[in-house]
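Chains as they are written, first to last, in the numbering used here: chain G, 99 to 617; chain Z, 363 to 520; chain B, 9 to 124.
Bear in mind the hints are in silico, worked out from the structure with no lab data behind them.
Cβ atoms here follow ideal geometry from the backbone N, Cα and C, with glycine treated the same way.
Treat the hints loosely; a few may be bogus.
[Claimed, not checked] Some residues of chain B that are not near chain Z, with every Cβ distance over 10 angstroms (derived):
| id | residue |
| --- | --- |
| 1 | L22 |
| 2 | V23 |
| 3 | V24 |
| 4 | L31 |
| 5 | K38 |
| 6 | R60 |
| 7 | G62 |
| 8 | S65 |
| 9 | D115 |
| 10 | V116 |
| 11 | K123 |
[To be verified] Derived list of chain Z stretches under chain B, where covered just means 3 residues or more per stretch with a C-beta under 8 angstroms from a C-beta of chain B:
| id | segment |
| --- | --- |
| 12 | 392–400 |
| 13 | 452–461 |
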Amino acid sequence: MTALTLHAPILLVALPLLGAFATPLVGKLGKGARNTLIGLIVLAVAGLAAMLAIDVFGSGGIPTVYELGGGTFTFPLSGGQVPVRILFEVDGMSAFMGLITALIALTGAFFSFSYWKERSGGNLYFSLFLMLIAGVFGMVLTGDMFNFFVFLEITSIAAASMVGFRVWLKQSQEAGFKVMAMYTLSGLFVLLAIGLLYGQYGHLNIAVLARSIQGSLTDMVALGLLLTGLAMKAGAVPMHMWAPDAYGESPAPMSAVLVVNSQASLYGLFRILFTLFGASISTGTVGWILIVLALLTIFVGVTMALIQSDLKRLVAFGAVSQIGYMLLGVGVGMAVIATRPEYGLVAMQGGIFHMINDAACVGLLFFASGVVIRAAGTRDLNQMGGLGHRMKWTSIFFAIGAVALAGVPPFNGFASKFLIYEAAFKLNPFLAVLAVLSSIMLLAVFVKAFQAAFLGPRSNTSAHVSDPSLGMMLPMAALVLVVIVFGLFPGFFVDHIVTPAAKALWLGRDAYINAVLGG
Amino acid sequence: MNNNSMSVIVRTVTRFMYGLIILFGFYVIMHGHLTPGGGFQGGAVVASAFALLLVAFGSAGLKGQLNLHWLQSIEEFGALAFLGLAFLGIGTAFFYNLFANSGGFLFGASVPTGSNAGVLTAGGLVPLMNWAVGLKVMTGIAAVVIVMLVGSHKEETE
Amino acid sequence: MNIGNLPFIVAALLVVLGLYTFLFKRNLIKLVIGITLIETGVNLFLVTLGYRTGGISPIYTFAPEAQQMVLPTPQALTLTSIVIGLATTALLLSFAVFVHRHYGTLDVRKVKELKG
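Model the full structure from these sequences, guided by the hints.
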């Protein structure tokens, strides 16, 4: 293990954070210097995330532990020692989330270089962008409950600032307030739950807490608070009202990062359910709670997308509905974890594979819709039309993202959704039927949007548009490549990156605890 | 004298007090590793002096004295200094306290266990980090207060 | 002096009051006040967790000999939470300022361009 791999967990957080604070200073030297710095940082982050993933996936399911301020402990501990430092603990699932974050950080940053070129406030924009990336990395890599809360709040503040970034837009300010209020509330729920756990067990480390948790009434209250808070932050349906506003009103590249932020909250939820409370809850009940949340999210997300005439908001509701598919896959896996039938792991694989597929497809759709809205000068689908004549590549990219998200073969959305359908059918056929029907409705939504925006006769608005510059085309093309490659060779990716992540959650509770505390 | 400054009593007391408040803030930052307080608390105290000045003399009264760009630059510098200090120990681990108990000039003195009178030169990187955080917080809060006051003042006159 | 469960009751009361304010008030500034109340309640709860009857503050500078100390970790948590609370409150209030500038009102029933 090289020194770089050893320090990769903290570097993934520290480098973007360093970049976030250096950006306004370097920005005084000019845009070129600033963009070089940011480009180098996101490239370094992507490389580190890949190295970390290779290392963790190659270790045979043993998580990597990193101690901040180091030098006191050697892991795993022995003889009843407990760690008092803040630990970062990276297992398959964390490394997998790191890959998703790195993918969107890389494409989002390079897309933003061109997208935000003519706008003012670029220094602040990229500063917040990097801070959000740092927060998301922290959330997925940390092994400490309170540290998780701190990174959750960092993402909340950065994300809400990004939603309300365009202060000259009325709706953006309304959305910003709403998002920040909901994020703060969810953060306080999480903090209260952490307080309840700390009061009982006197520890904040996830592994130590997981070993000592008893399943008392107070624990269940804490679980309820964590479930509510994190589901709220992830945009699951009864608490989803902020999500379409946030995705819809933030600048297009940021919407993609916000979706990854929601996924990081989902990761936190899964980590808490599987690792922290895995042995002390009725997994059947909690699994079904997740399934009900999932069905609500899928159904409401798709139905609301159906009635939108605002392109960005339509994609936003599509993104909300996809959170439901992840919850469905993992919920099915949770519901059957006690008996561990074959299809439980399949469900987990489906739900987790859908995370990276959703990040790629939704990212692509948000990028493309940002380009379209800027070219057409309107967000209203009824005023667009005929843009496909002069924006051939953008329309192709949008179409690929849309059909992939709706789960049409041979794209990646189909690969993951098929796993979810298969497992959900075995648990209860009704679940699979509803999931398939919603996917078909989502396809209808995107067909309508595509037809309204890109097809039709050449009109006044579409006469002067053109495909965007190469700086925006290449990140979109990169995401299209991910969509197609993941769709053509799903077996390879499921075996090499999804299965280690799914196993880390589904089977890896003991490994996670033992990596810190010893066997 | 512009019309959104406060009465002569407030202004006189402010003139007398704000230096002392800033001094106390610096004291809290400086002794962060020995007594209650630290970078954030001291920084907040210093920023409260700026807020007091703003309230007493009005936003126009401070024009040219507190430059927003300078404040922001110092804030970035504080944050970078904190991260840089954390990076110093990366040979062992991030946040490793390189200077503690080194015997060196910069806070390298070793600390006796148990009750003691406090060793100002102990603590390693912690006092330096307190200063970095203190710089960031005092300028950051001052900038927030200024921006909000100027922003809401503009609204009233529009 | 034994103060028993009083701080926990106050903390719960603050959280409930804050939730009530957040759910039933119509003014954006009052919503921010509600959030701040919840935050204060949670902070009080955290810091109370670490309290030990008769304990002194966990600092060795001029500490009396052989005294029980209160737990330092919850104090660190509370401080972190306060710092975060400062940032969130500042951001929420800035949004309120901008909402007022655009809509000319702080009434949530009139700030409703985004729905459906």
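Hints versus structure:
| no. | hint | verdict |
| --- | --- | --- |
| 1 | L22 | 22 angstroms, holds |
| 2 | V23 | 24 angstroms, holds |
| 3 | V24 | 28 angstroms, holds |
| 4 | L31 | 27 angstroms, holds |
| 5 | K38 | 17 angstroms, holds |
| 6 | R60 | 17 angstroms, holds |
| 7 | G62 | 17 angstroms, holds |
| 8 | S65 | 6 angstroms, violated |
| 9 | D115 | 17 angstroms, holds |
| 10 | V116 | 20 angstroms, holds |
| 11 | K123 | 26 angstroms, holds |
| 12 | 392–400 | holds (count 3) |
| 13 | 452–461 | violated (count 0) |
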